[in-house]
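Engineer: One-letter residues, chain by chain:
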Amino acid sequence: MTSMDTDELPVVLPSTTTTSGLTIALHPLPILNISEHFTRLKLQKRQSLPFVLGALLGTQTGREVEIVNTFELAVQDDQVTVDQEFFDARRDQYKQVFPSLEFIGWYTVAAYPTAKHIAFHEQFATLIPTPLLLLLKPSSSFAASADLVVQTLPFKAYEPTIEIRDRKARSVFIEAGYTVETGEAERIAVDWTARGGSGGTSLESHLSSQRAAVKMLHDRILLLVKYVTEILAGEAKKDHATLRSLSALIASLPASEHKGFREEFEKSTNILNDLVDKHIVFTAQREERGPGAGRRRGPRGMMDFH
Amino acid sequence: MASTAFKTFSLANNVVEVSPQDDIYKFDVDADKRINREQPWTKDPHYFKTCKISATALIKMVIHARSGVPYEIMGLMQGKVMGTSLVIIDSFALPVQGTETRVNAANEAYEYMVQYIEGSKLVNRLENAVGWYHSHPGYGCWLSGIDVTTQFTNQKFQDPFVAVVIDPNRTISAGKVDIGAFRTYPENYTPPDAAASEYQSIPLSKIEDFGVHANQYYPLEVQIFKSSLDNELLGLLWNKYWINTLSQSALISNRAYAVSQLNDLQQKLAKAQSSVSSTRAPIPLPKDDIKSKMLKEEKKKEEANQLAKSVKDGAKIATEAQHGLIAQVLKDILFSSRPGAPTSSSVSVEEVVDTAMSIG
Chain A
139 MTSMDTDELP VVLPSTTTTS GLTIALHPLP ILNISEHFTR LKLQKRQSLP FVLGALLGTQ
199 TGREVEIVNT FELAVQDDQV TVDQEFFDAR RDQYKQVFPS LEFIGWYTVA AYPTAKHIAF
259 HEQFATLIPT PLLLLLKPSS SFAASADLVV QTLPFKAYEP TIEIRDRKAR SVFIEAGYTV
319 ETGEAERIAV DWTARGGSGG TSLESHLSSQ RAAVKMLHDR ILLLVKYVTE ILAGEAKKDH
379 ATLRSLSALI ASLPASEHKG FREEFEKSTN ILNDLVDKHI VFTAQREERG PGAGRRRGPR
439 GMMDFH
Chain B
-15 MASTAFKTFS LANNVVEVSP QDDIYKFDVD ADKRINREQP WTKDPHYFKT CKISATALIK
45 MVIHARSGVP YEIMGLMQGK VMGTSLVIID SFALPVQGTE TRVNAANEAY EYMVQYIEGS
105 KLVNRLENAV GWYHSHPGYG CWLSGIDVTT QFTNQKFQDP FVAVVIDPNR TISAGKVDIG
165 AFRTYPENYT PPDAAASEYQ SIPLSKIEDF GVHANQYYPL EVQIFKSSLD NELLGLLWNK
225 YWINTLSQSA LISNRAYAVS QLNDLQQKLA KAQSSVSSTR APIPLPKDDI KSKMLKEEKK
285 KEEANQLAKS VKDGAKIATE AQHGLIAQVL KDILFSSRPG APTSSSVSVE EVVDTAMSIG
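Order-wise, the sequence lines are chains A and B. By my numbering, the letter at position 226 of the first sequence is numbered 364, and the numbering carries on one by one without gaps. By my numbering, the letter at position 319 of the second sequence is numbered 303, and the numbering carries on one by one without gaps.
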């Protein structure tokens, strides 16, 4: 295999012929880590596209991969060999504090994978069989588009594989789709920093994040309704897969009319309301709480103490 | 025309567009050396006023804290001094647990710390260690006696240094990050005016430790900052995880913590109740006994305070329960109601929200 060959042939297999079978879940923390790494290097080296390299940490069971954390990597002076010593030391350090996380791949900043990335891939492939590649696509503006569906994260994931062509094997990448998953603590922290980390009463922030989520749901539903109306009017093409999932969704609503579920739900609602009533008793000493407390007492009569 | 010319100029000369928001990420070696030579904080015990934390550092610390529950975890923070602010750019976890009983937990991780910081230089992380963080799972953000001692030592030998505390349990139940940043006063320094800090609920088992040392340190204002790229990514991220906001239920994930909160409240109430029953109406006293009468009044005020505090604790528990309930009811209405049929749920969202508001 001559290096000329790999320069001419594209390093990524077209997604029409092969698709990755991996299910990738990407957490917000790696996304923000990579962003910080990139911003930092841009400022320190005063380049608009500095060379960024790092390792991905997470878990992989069968075809399910979860990318949970990252750390930076160093290269030796030749700019193409990974500093193995640093990598080993850092990987061990992360193992001590997060024993469940493994090294599962690497990341860099580029528009698309090239032969240079294959060279790095070969180095990582000596450590684990199929190291994933996560690319951050640099661009001057992430084009604020009015159509919310078009706004996607500028990250792409690639799975390495071997392509056999003309009796020669070479490493290539195939693009893999990913979803964003978060843990609850992570979601709250990300939400809070997105909102600037300020206070406001906790009720306000809770309600406003619920409202934002409901609005998103509403927007998405409107989009679906628009699509279906266009099909009925003969303007859009019928996509049977989409229509099937739509009807499955509608059939599954209401989410639960099951008697057992409703009983449990009402029981837990009642317990929580009792809790609240009792606390209103505490604060009922102040007269101005009259109207609020009064309304609560109405349907339930006087509170009883169990 | 002008913009193309500018673009060509930028490309040719590798001009980097840096938004002013990102300036804070630049590490100015000279400025850092200068301020570490001048050390203005040695002249004023109240020098540092704010603690600015980067988005990535914060999220890493919260995740680390949550992953360690029920143990206390700890780690270090790297950053710099800017004016009267301690700026935290990054954080990393240390392989130690449970700082409450071991003052020198940091020593165990010494080798790890040194190696990590040395290694950081190789990947252009030039900032020095400027603080430590640890978690108080479920009992709030403040410094315990041991924490205060540790921080005294830190400020003596490693200044500038800040102590950050995170409560991962309260973070989840309140739906926002529970975090505090603190600086201790030097020994033998009495703060001029112990400013009334925002009340927070401390479990009975810890309240003595909290009270004894509360005047030996002061809180810094915590501010979060993020880069311009962070901002764009966060906006795009929201497009993906709004689903989790609707589907996750704080009631279920924090069940054990909610139960322990209720237990604690019950104990506090029992304590308040027993002390109330033992006070009697003040008997008219002769003039020279006025002093002891004042003492008795002080005590009565204290007990009344105990009850008032329990009220606040109760209100907090109720509010958090209400938040969880609001989320559940919303989901029920969204996904379970049939068009045209009256809402079968016995409680509507307005009622729940009203109650939550009346608690305040």
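Simulated from the structure, these hints should not be mistaken for laboratory data. Just so it is clear, the structure is predicted and the values come from calculations on it, not from any experiment. Each hint should be verified, as a subset may be incorrect.
Said to hold, decoys possible - Beyond 12 angstroms from chain B on every Cβ pair, some chain A residues (computed): (1) Thr177; (2) Arg184; (3) Thr264; (4) Lys306; (5) Thr320; (6) Gly321; (7) Glu324; (8) His356; (9) Arg358; (10) Leu360; (11) Ile369; (12) Leu381; (13) Phe403; (14) Ser406; (15) Lys416.
As the list claims (entries may be wrong) - Derived lysine-lysine pairs resembling BS3-like cross-links, with alpha carbons at most 30 angstroms apart: (16) Lys27(B) with Lys140(B); (17) Lys275(A) with Lys10(B); (18) Lys255(B) with Lys315(B); (19) Lys416(A) with Lys33(B); (20) Lys275(A) with Lys183(A); (21) Lys293(B) with Lys190(B); (22) Lys224(B) with Lys255(B); (23) Lys17(B) with Lys183(A); (24) Lys315(B) with Lys405(A); (25) Lys416(A) with Lys255(B); (26) Lys397(A) with Lys27(B); (27) Lys17(B) with Lys416(A).
As the list claims (entries may be wrong) - According to the in silico footprint, chain B covers these stretches of chain A (three or more CB under 8 angstroms from chain B): (28) 208 to 215; (29) 233 to 241; (30) 248 to 262; (31) 296 to 303.
Think of the CB as a built atom: it goes at the ideal place given N, C-alpha and C, for glycine as much as any other residue.
Engineer: None of the hints should be skipped; say for each whether it holds.
Structural biologist: Taking the hints in turn, this is what the structure says about them:
| no. | hint | in the structure |
| --- | --- | --- |
| 1 | Thr177 | 4 angstroms, violated |
| 2 | Arg184 | 5 angstroms, violated |
| 3 | Thr264 | 21 angstroms, holds |
| 4 | Lys306 | 36 angstroms, holds |
| 5 | Thr320 | 6 angstroms, violated |
| 6 | Gly321 | 7 angstroms, violated |
| 7 | Glu324 | 6 angstroms, violated |
| 8 | His356 | 10 angstroms, violated |
| 9 | Arg358 | 9 angstroms, violated |
| 10 | Leu360 | 15 angstroms, holds |
| 11 | Ile369 | 21 angstroms, holds |
| 12 | Leu381 | 21 angstroms, holds |
| 13 | Phe403 | 7 angstroms, violated |
| 14 | Ser406 | 8 angstroms, violated |
| 15 | Lys416 | 8 angstroms, violated |
| 16 | Lys27(B) with Lys140(B) | 13 angstroms, holds |
| 17 | Lys275(A) with Lys10(B) | 22 angstroms, holds |
| 18 | Lys255(B) with Lys315(B) | 39 angstroms, violated |
| 19 | Lys416(A) with Lys33(B) | 40 angstroms, violated |
| 20 | Lys275(A) with Lys183(A) | 19 angstroms, holds |
| 21 | Lys293(B) with Lys190(B) | 15 angstroms, holds |
| 22 | Lys224(B) with Lys255(B) | 48 angstroms, violated |
| 23 | Lys17(B) with Lys183(A) | 20 angstroms, holds |
| 24 | Lys315(B) with Lys405(A) | 16 angstroms, holds |
| 25 | Lys416(A) with Lys255(B) | 18 angstroms, holds |
| 26 | Lys397(A) with Lys27(B) | 70 angstroms, violated |
| 27 | Lys17(B) with Lys416(A) | 59 angstroms, violated |
| 28 | 208 to 215 | holds (count 3) |
| 29 | 233 to 241 | holds (count 3) |
| 30 | 248 to 262 | violated (count 0) |
| 31 | 296 to 303 | violated (count 0) |
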